[in-house]
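Novice: Starting from the known structure of chain A, arrange chain B on it as the hints suggest.
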Amino acid sequence: MLRIGPYEFSSRLLLGTGKFPDFDIQRRAVEVSETEILTFAVRRMNIYDPAQPNFLEQLDLQKYKLLPNTAGASTAEEAVRIARLARASGLCDMIKVEVIADTKTLLPDPIATLEATRILVEDGFIVLPYTNDDPVLARHLQEAGAHAVMPGASPIGSGQGILNPLNLSIIIEEATVPIIVDAGIGTPSDAVIAMELGADGVLLNTAVAGAKDPVKMAEAMMLAIKAGRLGYEAGRIPKKRYAQASSPMEGMSK
Amino acid sequence: MNITINGKMQTIPDTVGNVQQLLEYLRLADRIVVVEINRDILQKEQHAARSITDGDTIELVHFVGGG
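Those protein sequence lines, which keep their order, are chains A and B.
For what it's worth, the working numbering labels the leading residue of the first sequence as 35, then goes sequentially.
For what it's worth, the working numbering labels the leading residue of the second sequence as 56, then goes sequentially.
Chain A on its own, in the form it takes in the complex (with noise of 0.2 Å):
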């Protein structure tokens, strides 16, 4: 179980909603990942064209908890304003902080996604912080309320899968809340590593959104994720520096 402040999930992915080729394909592709939250972005709506489509609303909303970013965001202020902006809309209560610093790396500014962190913990948010890898922002990320800290495996989108496995496994080791590795995800093998490392849940969206088939990567994913966290509860052999064999040396018919 995956417990985010009063909520409970039995799945572990946590699914992005961008990019994907059509809705049928996301459609599809949500199903089998198996996932219980959706992240979305808060954007103007088109008001030249009230018909548009809308994954959302394609939604069955029972099914889904809906975990908002304030993606676009580049300053506390902001972050705190789209946070506000979702939850209005009286679906949620969880919000995925994103304050990107950087244009070209889209890194978190750490400061800021602090700040709006504890400002939206006391306004009541659920708040997931999406963060670098450095286990003394982390700290204080859950010092300041945080009900999930979210570091991220390497630069969105990049595909890059997880670059510094060790920091994120001081960060996991410390934490009191779960730690969820989000970004950077490119393979189901990344999503293994994060979850043997002890990760309580992956977000990913590029990933599958953009592979070549995105509904077989999304079962690849969830597959991936259960495998990555059975194999860690099940606690690995050590390392060793030379073979032991399995088969006994003793009773060997000569």
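Check the hints yourself; a few may be wrong.
Unchecked claim - Chain A is faced by these chain B residues, among others (derived, beta-carbon under 8 Å): (1) Ile107; (2) Glu114; (3) Gly121.
What the hints assert, rightly or not - Distance condition first, Cα-Cα at most 20 Å in a straight line; then the derived EDC-like pairs of lysine to aspartate or glutamate: (4) A:Lys260 with A:Glu68; (5) A:Lys246 with A:Glu65; (6) B:Lys99 with B:Asp111; (7) A:Lys260 with A:Glu70; (8) B:Lys99 with A:Asp127; (9) B:Lys63 with A:Asp83; (10) B:Lys99 with A:Asp157; (11) A:Lys53 with A:Asp247; (12) A:Lys97 with A:Glu70; (13) A:Lys97 with A:Asp127; (14) B:Lys63 with B:Asp111; (15) B:Lys99 with A:Glu91.
The hints are simulated quantities; they were obtained by calculation from the structure and are not laboratory data.
Beta carbons are placed, not taken as given, at the ideal position from N, Cα and C, and that holds for glycine.
Specialist: Below, chain B without anything else, positioned relative to chain A:
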């Protein structure tokens, strides 16, 4: 009357007196939409009570795909 919606100046009939009526006029009343008026974020139940006057700045936002 003239109001600014999502950054663009619009002329709307004077019969549109409140936010609920504006959404109906724009044929957006049955959509998932959040309204901010002059930087004041509205809850859905405030739509009918919140009047619109000439010069108001309104933002209409919704959820789109994102990670």
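Novice: Take the hints in turn and mark each one as holding or not.
Specialist: A quick look at each hint next to the structure:
Annotation: Ile107 of chain B was flagged as interfacial toward chain A, and the flag is violated, the nearest CB pair being 14 Å apart, outside 8 Å. Annotation: interface hint on Glu114 of chain B holds; nearest CB of chain A at approximately 7 Å, less than 8 Å. Evaluation of the Gly121 of chain B hint against chain A yields a held restraint, the C-beta minimum of about 3 Å falling below 8 Å. For a cut-off of 20 Å, the pair hint linking Lys260 of chain A to Glu68 of chain A stands: about 11 Å separates their Cα positions.
For the hint linking Lys246 of chain A to Glu65 of chain A, the alpha-carbon distance of about 18 Å falls within 20 Å, and the restraint holds. Distance restraint check for Lys99 of chain B and Asp111 of chain B: the Cα-Cα separation of roughly 18 Å lies within the 20 Å cut-off, and the hinted pair is therefore satisfied. Taking the CA atoms of Lys260 of chain A and Glu70 of chain A, the gap is about 14 Å. The hint holds against a cut of 20 Å. A hinted pair counts as satisfied when its Cα atoms are at most 20 Å apart, and Lys99 of chain B with Asp127 of chain A qualifies at roughly 15 Å.
For a cut-off of 20 Å, the pair hint linking Lys63 of chain B to Asp83 of chain A stands: about 15 Å separates their Cα positions. Only pairs whose Cα atoms come within 20 Å are accepted, and Lys99 of chain B paired with Asp157 of chain A is accepted, the gap being roughly 19 Å. The hinted pair formed by Lys53 of chain A and Asp247 of chain A meets the criterion: a straight-line CA distance of about 13 Å does not exceed 20 Å. For the suggested pair Lys97 of chain A and Glu70 of chain A, the alpha carbons sit about 7 Å apart, so the restraint of at most 20 Å is met.
For the suggested pair Lys97 of chain A and Asp127 of chain A, the alpha carbons sit about 16 Å apart, so the restraint of at most 20 Å is met. In summary, the hint linking Lys63 of chain B to Asp111 of chain B is supported, as the alpha carbons are separated by about 11 Å, within the 20 Å threshold. The suggested pairing of Lys99 of chain B with Glu91 of chain A holds, with an alpha-carbon distance near 16 Å, which does not exceed 20 Å.
Of the numbered hints given earlier, the model fails hint 1 alone.
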